[in-house]
Amino acid sequence: MKTDPSRTSWPEFQGTVRTTAVVAMVCTALFAAAPVMAETVISGQSDTVMRMGRTNYDGSRNLFPATEYLRLSLVNTDKDGNAISLHIGSWGRVDFGDKSFRDRNVDGDLQYGYLSYQGAKNNFVINAGRQFVTEGVAAQRLDGAYVRSDFAAGFAAAAYVGSPVVTEPNIKADNLVFGGRVTQSNEKYYTLGVSALKSYADSARYREEEGLDIWVRPIKQIDLTGRSSYNSITGGWMEHAYALSYTPLDSLKLNVDMSNINYHDFFYKVTTSALVFNPLTNGIDPNEKVLTFGGSAAYSINSEFTLVGDYKHYKYDVAKSANYFGGKLTYTKPDAYMAGASVHRMDGSIDRLQYSEFRLFASKKMGKLDLTLDVIDLYYDNSRNMYSQHNAITVLTASSYEINESLKIGANVEYSKNPFFNNEVKGLLKLTYLFETKFGAAGGDKK
Amino acid sequence: MINRKRLLILMVPLFASILYACANTASVPRIHPEAVKTMPNCTECHTNSWGALNHKAPDFLLKHKIYAGSRYACATCHQESFCSDCHAHREEIKPSSKYSTSPDRYLPHRGDYLSQHKIDGRVNPASCVACHGRQNNERCKSCHR
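Those protein sequences? They're chains C and Y, same order as listed. Just so it is clear: in the first sequence, position 282 is 281 by numbering that gives the first Met the number 0, and no numbers are missing. Just so it is clear: in the second sequence, position 123 is 122 by numbering that gives the first Met the number 0, and no numbers are missing.
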């Protein structure tokens with residue numbers, strides 16, 4: 000399903016509801032036909048979020064949107080451990096004030112909704128419906144089918160096909176996507192993967208990407224991950240991104256990472272004009288290339304205090320380079336208290352990339368009550384690009400209270416003084432309800 | 000040449016079928032045997048690759064795109080909604096507002112991101128793509144027309 004705000008309307012939302020209803024009916028029939036010697040678990044979470052605030056954007060003034068997030072899972076497990084399940088996640092919003100977004104008082108979306116079969120052997124999974132697929136070059140939400148299984152000799156394979164779930168605010172997208180990934184792994188030491196994705200807009204080639212990914216752990220102390228992806232349509236490497244961590248002591252972890260991104264190949268066929276580059280409009284060359292490298296060191300002073308230092312260098316082909324570095328100290332006492340302070344500095348060659356970032360947070364748990372304070376301040380050395388403002392400060396106070404195991408209520412108030420708003424105050428109320436019901440037949444494999 | 004192509008078309012499914020027939024691994028448990036209530040350091044129990052999934056490590060976020068290639072392992076603790084909180088189709092509330100009582104979690108766009116996005120978008124626009132390249136980007140149109 001694709002969404003163009005200039006074309007979509009209430010009937011499309013109704014269509015989503017209809018699709019959900021059809022999926023639900025099919026699933027009810029399947030669950031009814033499930034083996035007798037089985038256990039069925041129905042679980043879910045409802046989050047009702049009421050926001051309050053004022054904004055000058057899009058002509059809106061007083062915003063009081065109420066949003067309901069509903070997540071539902073039905074899992075039927077047979078005595079051998081095979082499971083059939085249904086997973087649905089959606090939200091709906093009603094505005095009690097001015098229209099908050101997309102020029103609609105009522106809106107909603109199906110984030111995911113799929114039927115799944117998981118085998119007790121070979122990590123076999125087959126999904127049908129709206130889902131998020133992450134297989135090598137693919138990080139793709141689609142309406143379609145996905146299957147994966149382990150094979151012998153450490154091999155595994157995954158394949159998917161469907162209609163991409165995208166939004167198209169500026170640029171038309173594709174309407175058919177398919178691909179797969181083959182891996183060979185040793186549970187203790189490594190996983191090597193080869194993946195490909197291909198998509199079409201009507202009958203025209205739209206995206207063609209191939210990739211190699213690795214996850215190597217030769218010894219317990221070393222962990223290397225990385226991916227290289229290639230764009231067959233533009234004929235260039237999109238990205239090389241690798242990260243290595245070394246843990247010489249339980250209390251010390253060292254990390255280094257590098258990435259190389261070619262804008263022309265990487266940003267090919269994005270659907271928002273914000274990511275289409277033009278030196279005249281957004282100051283970014285479409286043929287820009289960036290090489291980043293950096294690292295971090297995390298040292299646990301004791302079981303409660305951890306100190307992290309990090310550094311990253313950005314080297315561009317066209318633009319001037321920049322460095323980002325800083326440190327963070329955290330204090331954690333599980334189920335009681337946590338606090339942290341961080342200072343970072345962006346030191347670039349242009350005015351906009353010269354700023355300092357400060358953060359202070361603390362959270363305390365007192366029985367069923369949680370209290371949180373979070374202060375973030377950005378100080379821009381030069382105010383020319385920030386509407387003559389040097390400072391952007393946000394102070395967030397939040398609290399939550401656990402009424403019982405199933406019910407939790409929370410609220411937060413956020414104050415911000417920044418280049419866009421002199422004094423912005425936003426509030427949020429949140430009610431969370433968790434539920435779970437089990438139906439087990441005699442002899443069922445209960446967990 | 001044609002014979003070689005026909006042979007390949009026959010051999011690949013045959014090889015795959017043999018590998019499938021010979022496979023006999025036990026699936027990762029659907030639910031993690033021990034309840035995990037806070038961000039885990041998986042090394043505390045796991046001695047194989049799963050031990051690398053130390054959620055507290057400063058580079059965990061950077062590496063999670065690779066770890067996500069084993070989603071069946073993530074699914075032992077995380078619901079699908081955990082992914083869609085950030086990798087959403089159309090989302091109207093940023094994750095740091097929804098989970099404001101978790102200041103320790105890495106959640107994108109904390110604080111005044113309206114000002115900051117102008118900088119991040121220039122420094123490393125590739126970091127926007129995973130969540131906003133082809134979905135959840137309607138808000139961009141408010142200014143980037």
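Any given hint might turn out to be false.
Stated by the list, open to error - Short derived list, chain Y residues pointing at chain C, Cβ under 8 angstroms:
1. ASN2
2. ARG5
3. CYS21
4. PRO39
5. SER83
6. ASN135
Hints are computed from structural coordinates only; laboratory data are not their basis. Computed from a predicted model, the values in this text were never measured in an experiment. Glycine included, each C-beta is placed from N, C-alpha and C at the ideal position.
Against the structure, the hints:
no. : hint   : result
1   : ASN2   : 25 angstroms, violated
2   : ARG5   : 22 angstroms, violated
3   : CYS21  : 4 angstroms, holds
4   : PRO39  : 12 angstroms, violated
5   : SER83  : 4 angstroms, holds
6   : ASN135 : 6 angstroms, holds
Hint compliance for this structure: hints 1, 2, 4 are not met, and every other hint is.
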